[in-house]
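Asks: Spelled out from the first residue to the last, the chains are:
6 protein chains.
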Amino acid sequence: MADLVTFGEAMIRLSPPNFARVEQAHSLDLNAGGGEFNVAVAAARCGVPSAWVSRLTDNPLGKIIVNNARAQGVDTSSVVWTKGDRVGLYFLEFGASPRASSVIYDRAGSAISKIKPSEVDWKKVFKGAKWFHTSGITPALSASALETTSAALKAAKEAGCTTSYDLNYRSKLWTEDQAQAAQEPMMQFVDVLMTTEEDTKKVFKIKGGAAGDQKKIDVAAYKSVAEQLAAKFKFKTVIITLREDVSVLKNTWAAICLTGGKFYETPKHSIEIIDRVGGGDSLSGGYIAAKLDGKDDDYAIKFAVAFSALQHSFPGDYSWATKAEAEKLMAGGETRINR
Amino acid sequence: MADLVTFGEAMIRLSPPNFARVEQAHSLDLNAGGGEFNVAVAAARCGVPSAWVSRLTDNPLGKIIVNNARAQGVDTSSVVWTKGDRVGLYFLEFGASPRASSVIYDRAGSAISKIKPSEVDWKKVFKGAKWFHTSGITPALSASALETTSAALKAAKEAGCTTSYDLNYRSKLWTEDQAQAAQEPMMQFVDVLMTTEEDTKKVFKIKGGAAGDQKKIDVAAYKSVAEQLAAKFKFKTVIITLREDVSVLKNTWAAICLTGGKFYETPKHSIEIIDRVGGGDSLSGGYIAAKLDGKDDDYAIKFAVAFSALQHSFPGDYSWATKAEAEKLMAGGETRINR
Amino acid sequence: MADLVTFGEAMIRLSPPNFARVEQAHSLDLNAGGGEFNVAVAAARCGVPSAWVSRLTDNPLGKIIVNNARAQGVDTSSVVWTKGDRVGLYFLEFGASPRASSVIYDRAGSAISKIKPSEVDWKKVFKGAKWFHTSGITPALSASALETTSAALKAAKEAGCTTSYDLNYRSKLWTEDQAQAAQEPMMQFVDVLMTTEEDTKKVFKIKGGAAGDQKKIDVAAYKSVAEQLAAKFKFKTVIITLREDVSVLKNTWAAICLTGGKFYETPKHSIEIIDRVGGGDSLSGGYIAAKLDGKDDDYAIKFAVAFSALQHSFPGDYSWATKAEAEKLMAGGETRINR
Amino acid sequence: MADLVTFGEAMIRLSPPNFARVEQAHSLDLNAGGGEFNVAVAAARCGVPSAWVSRLTDNPLGKIIVNNARAQGVDTSSVVWTKGDRVGLYFLEFGASPRASSVIYDRAGSAISKIKPSEVDWKKVFKGAKWFHTSGITPALSASALETTSAALKAAKEAGCTTSYDLNYRSKLWTEDQAQAAQEPMMQFVDVLMTTEEDTKKVFKIKGGAAGDQKKIDVAAYKSVAEQLAAKFKFKTVIITLREDVSVLKNTWAAICLTGGKFYETPKHSIEIIDRVGGGDSLSGGYIAAKLDGKDDDYAIKFAVAFSALQHSFPGDYSWATKAEAEKLMAGGETRINR
Amino acid sequence: MADLVTFGEAMIRLSPPNFARVEQAHSLDLNAGGGEFNVAVAAARCGVPSAWVSRLTDNPLGKIIVNNARAQGVDTSSVVWTKGDRVGLYFLEFGASPRASSVIYDRAGSAISKIKPSEVDWKKVFKGAKWFHTSGITPALSASALETTSAALKAAKEAGCTTSYDLNYRSKLWTEDQAQAAQEPMMQFVDVLMTTEEDTKKVFKIKGGAAGDQKKIDVAAYKSVAEQLAAKFKFKTVIITLREDVSVLKNTWAAICLTGGKFYETPKHSIEIIDRVGGGDSLSGGYIAAKLDGKDDDYAIKFAVAFSALQHSFPGDYSWATKAEAEKLMAGGETRINR
Amino acid sequence: MADLVTFGEAMIRLSPPNFARVEQAHSLDLNAGGGEFNVAVAAARCGVPSAWVSRLTDNPLGKIIVNNARAQGVDTSSVVWTKGDRVGLYFLEFGASPRASSVIYDRAGSAISKIKPSEVDWKKVFKGAKWFHTSGITPALSASALETTSAALKAAKEAGCTTSYDLNYRSKLWTEDQAQAAQEPMMQFVDVLMTTEEDTKKVFKIKGGAAGDQKKIDVAAYKSVAEQLAAKFKFKTVIITLREDVSVLKNTWAAICLTGGKFYETPKHSIEIIDRVGGGDSLSGGYIAAKLDGKDDDYAIKFAVAFSALQHSFPGDYSWATKAEAEKLMAGGETRINR
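Quick note, the sequences are listed as chains V, Z, C, E, P and G, same order. The first sequence begins at -10 in this note's numbering and counts up by one. The second sequence begins at -10 in this note's numbering and counts up by one. The third sequence begins at -10 in this note's numbering and counts up by one. The fourth sequence begins at -10 in this note's numbering and counts up by one. The fifth sequence begins at -10 in this note's numbering and counts up by one. The sixth sequence begins at -10 in this note's numbering and counts up by one.
Everything labelled a hint here was simulated from the structure, so no lab data went into it. Certain hints may be false.
Copies of the same chain are indistinguishable here, so a pair counts whether it falls within one copy or spans any two.
[Claimed, not checked] Keeping only pairs whose Cα atoms sit at most 25 angstroms apart, straight-line, the calculated SDA-like set for lysine to any residue is: (1) LYS52 x SER66; (2) LYS143 x ILE206; (3) LYS72 x ALA97; (4) LYS212 x GLU254; (5) LYS194 x LYS284; (6) LYS112 x SER16; (7) LYS284 x GLY321.
Using the sequences and the hints given, assemble the complete structure.
Replies: Here's what the structure looks like:
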């Protein structure tokens, strides 16, 4: 029985090694991951009994995904298996300035996009659970995935769970207007919103000023966004991640958190990017873990940022950091070799 | 202007290295290939100006396929490009006795399965061409692909081309009855049929005796099959490939050819399998090249078998052999290191 | 709660790629495995809820081992963690005739060799369990490991489990006489013995005739060994695996099983060796799975041999086969590519 | 029929992975490339029908080079093949500060160094062509290569082509005085000169001031160099590339262009170096493509710099960028992951 | 007969490629190295006849270590071989900010930790030698290793050698107090001490001020430390290395040297880190080589820093630089590609 | 001071992994080796102090070769270094039936082909030496290499060495008639000839019957060849290796030795080929080592064959076997995993 339940798609990720383009590739590194999958892994690594719910094709690719989750201690017993459909894929190309990293999705027709609300017994899934997390990717996959997401959120609230939602707007899956129309009605079931200033503007048409410079961040504008969000949707907590893209291979990483009418701001971590995919997911997972562990708000957001800062230094979508490492980083960190 | 035109799908092939299962994979080797694509490459390597026609999504995966064809000198200027759909994939797992190699297709919704007959100007494509080749995979992809295949065969005959057709039955794409219903009407436009005894039985319900032992071959039965095929469909030439699966990593390889009422039989080559995918395609390409080069029937089938025997010793779906190597093998071959 | 519990060491295995010697290596492939670990994985892949009990150092190497078990669905919640000691390693060198594959152990001082009987609550571990499996490697690790093994077997019998024991003599861990003195007293708690003719002779001084030719097997002699074992130790079942080393890269694989006074003999599978480590463990796991699934004796041993024959074709110590594949192989198998 | 024809050597490039020295290498990554080859590829990727003329040994190494060109759509039908001589090689060692990257040439005796003017029918080659490009590497290879280069330039002008010439001084091939003596007489046939301030000083003894700091660039000095060059040799256009070596792995990249008596200056791109070989060639190819596409001077040089800035982020000597990417970068670029 | 003799442990180093964690690894890159081993290699590459003394298990891992030393021209004829014990290992994880690189030792019970003073005939070893070097790692391995180190230092002085000692405190091997108690008595036999401010404080309780900021260095404080050391232990020379950890992948590197009552300070090199392990060892080796070559103090320390700055740009523990490269870097260096 | 001195070329070998053709390669595995180099390594591994003499270009490729020799304990202090010329290369393509392995040489202009007799002080080289070995490859490289080989053989005899010569005919270096004319005069200085029946026929026009079937060997014919050779050239010993090419990946390996008028014949070893290059060189090295160790003729040739049979199972040109392994194989061998 899991404390945390997450729901969403996981894909097989294929990426050419050594900064080659996909067009140049003679081999592809294989990883597994997906927004809510990554959140479950992050929380599990921090000691939270976690479960991930999805729908998967019963073939070796689907098994890879489940094996990856189980290896990290994530419960997959509520995954819905099908003989049909397919496992979603995405191709990830690592860039270096002035070439940004980029993603080619090949996820159309995936098993989870065909999920029907009736296929998951949410009551059973949420028995004993304390927290439910999903994101704006899941409802974007199809009408029935939207319907299922909505049902899940409702059921989670009924089961007494705290609910969190990462807005995660994906322009390749739906338009900004579609995203708004579909998601606004669900926000009533959401306690904690994780997002970026950019996604908020696109989906909820809420913005915080001039904003938008990827290389320098205006915290005041971000705070205004958080306040507007909290006001409009009655979120208990709004978390906005702050990423500065100094260059493709060099970022900074921080977050602000508005909760109980109070702002918490974290230190800014300098990041030498190895793999930035899933950074936000690790933050969500770290935050949930800290809260489930009874930590206070200031600690929780700082821990979440430290834990996810580390995530940028490992290959793959999900975190391989430990709680102890994140705590050491919160306490100042160390760049010398540890021996 | 190409002497040989082929038409069909090519896919990106992803295979785990070192005999690992797909489920075990942490990286996948990437190759490109497909039945008719492989035939065009084989003929091009033997010196035939060759072109390959298909429909592809305009993304890095589609470009990989075209780059592979062009690298081998195959003309791709008649490929139809689309922004939509997807590039077909397949996962190939290399086996060792008692585990057979196996394939997982992920080709549903590929660009060529959405091809419409109107998208290719066959008259233009066949201008100056001497030979057209396609296979039973193409019409299996969709109703419109079947329609396009049929149109292509008809147009090829009208343009004065010799036509060849590899029966290539794929049970994962259609049933035996569907394959029969769809293909029998097209056989009137086919001059040369390449097939195996097994596929003939499944698609045309023609068999040659008890048959069926994968480890020992009954040539008489195979000859009977060839004769029945020639009689029923008025093929000018019927080629049946003879593969003995001594073990997963050890095969023998030969063929019989019935043409002008006469049988030609080739020596049996012992094969240490490196990669057996595309063996039949290389045979077809080698045969077409020999005929376009004016070689006699006995030479053509022996060359085709030697050329394609070599193909089993390279990684990838298509041939990297040379005409000279195949001729040396026809003349007896050599297993000593050549230095 | 697991139906099957196994107990023993798992190690990190490091092997040079591409048949290089350890002395030549510039990189080493990393796998995890160990006799009883492999048995748990094999049974889990056949659908048996399985748990593996061991003692591990809490560092990244220990985590790799547990991650591997969990990925396969094996429960590791009873593993004893320690901050001290070390994780056992072994170096595996793949050979080709006339060079045999070979192993260098670096397992001295491993965490499990320091295990104390008091560290495992066997009563709790066996709650609800139906079968317990261990092997002759575990008691060879140290005096306290022997003591713990003995306690485990006793506790398993008390909990009503069927117990199985793979004799697995390792000359690098103890002498033949030590192995005999230590293990004979424990045999009273064993229901099913898995072994080879060779190990039986060394440990129990029981032999079946001239025997000993690695390339040709004398089944009669093996049957005599089984009968003597059953008679002496009152085993319910004796399984003897029959491996012919035709060459380093080519083996045959079969087994005989004596149970209820009756002999069951399996077909002999031709094996093209990719990785022969863990073949016997997969057989044990397959056999246990079949018996727990209520299969009859003839089926169980044939399934076990088919399942473990497949295991020789994957890299790594433990099985990646599926029940369905093993059943297909029992029904005759197929060496053609499956597409 | 190609719009752009280039002429020069291409080599097989062998480079140790992961920043190892050549002396440390156990494997070498293989690429193909060469100054004029890279220019042809760059232009072809921008949509220009391009051809590359050279002389190659007919062995697998020579075929690799031609396969690489064809894969990118470059016409190689005018390559002169020989059974003798050899294919030039070079070993590339990737550095990191304070160790610069470095090159070991093994190109003596290559097929193109033995080329004779009579071996290429330039009239036929330039039929329909609009632009000819070569560089200072080709005449440095041998006396006959110089003679052939000169003949080619003359023939190109006679055929009505625009001609461009990259000065590309290679001290390992000839002395500064030899380079001057050989090349000055050919400059009368050159319309567009691509060069660096450093090479100009060495070959033509033209300098623009104090100059020479690799880490900070003095644009005024560079402009003076361009003006002197244009004045002395009557070039229609002079392009000088401006590279600041902030560190081995961090450069900036820009250019100035003097044409029609007017200077065009580009923005300076920050570059995280993956592979800086061929940067200048991509610039030349991008510039030629823009001009052949009818773009104005300001656009052409800015496009060329953007297109070649991207080239530093791919492994290999030649570009894998697209026109669309370069245009996006001209419009401001993006360092966020694109998904 | 070697001019330089070093004494200490070398280990097999196993590191996951591409910034993966050990816990993520599917393969490990294998290198060999160790403090005094690396010093011998560095000096040998600078032209000094060098020998390395140690104790090793006679298995493939021990042979790898000796093969590595011999490949670099280091004499290993005084290595003590044993059939027992084991070869020490360490696992190295490469980090990127904010994750530091880190090391997991698995060296307990290694052959050298079991060395007895009587096993090495130091008189014979030092015959004709001019310099002896060891470090604070060796005596930390065991009581008998400490005893042997002490005997070696004494014998070296008796044989007329200059002796150098790298303090190299390893907290995973002993406490600060143990290190002090064990090493202070040996310092009377040491002529040259190499150390860092940090180690000095921990072992000898000598500090130079506030100190301790890893990102900015206070040279004055470091000078004070050197003076206190020289005063207390009568060292002829004290070398303190100055590393600024700008980030995990970006450091600066310099040193100060106090000798003959005079300070020598080197320029600060900017370093793009490929592999920082062994940087200090290369410095020691470079310094010894320069002194044995008769160079003056200013030259020696500057050469040593340049030589070891380069070492950070190669994979592996020991240097692959050449004397010529280091001299070129002393003269200003070059970050442009060298071709 | 070495007991064995060998003289000849070593090259860098580049081979595509995984049975790819050179034309398919994206990376090449790098090894070092050469006939006489391999002999020195083989003998050194059997405990013989060995030295290898050659001429090498002083660049990283030349250093790789010397590092490889030194790693195996081979003395390289008599290698002649030059700043000019180049290091010979060869490309090796691994085959599988029906494709033979093959070699592309790129060795023209190598440093050793430019060697002059005056560059080696043979008197000094042979001081204290007991055996000299060279082969028919060295004199084939150039006129001056022939002259130097001849001088070396003479000097070796004068120094009292036993001399051995591996006929090793290379058709890509010279014609059969050139080989005969050049080598017959040198045979007076040769004590031991190693050869194959095939090379003897080509170079000395001596044959032993019908012969020539690569798959079945006629020992009688081979004995006749040995007798004719001994009679004509007064060799003390003639060794003929017997290789049956059952297939590309399966050989048998044996030898006959005629010495003192008596024939010694070895058992035939079944070989699963991993890398057959250098098999004969390991045999020569093993034989020399056994004789220098005072072993009798029967033992020596059997040991040599066993030692070199093992060599076929390692990647690379030279042996990584040990004396102990070869002795174990002589005693019957073992194909079971050794653990």
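Asks: Compare the structure with the hints numbered earlier in the document and write down the numbers of the violated ones, lowest to highest.
Replies: Hint check: 2, 5 and 6 fail, others pass.
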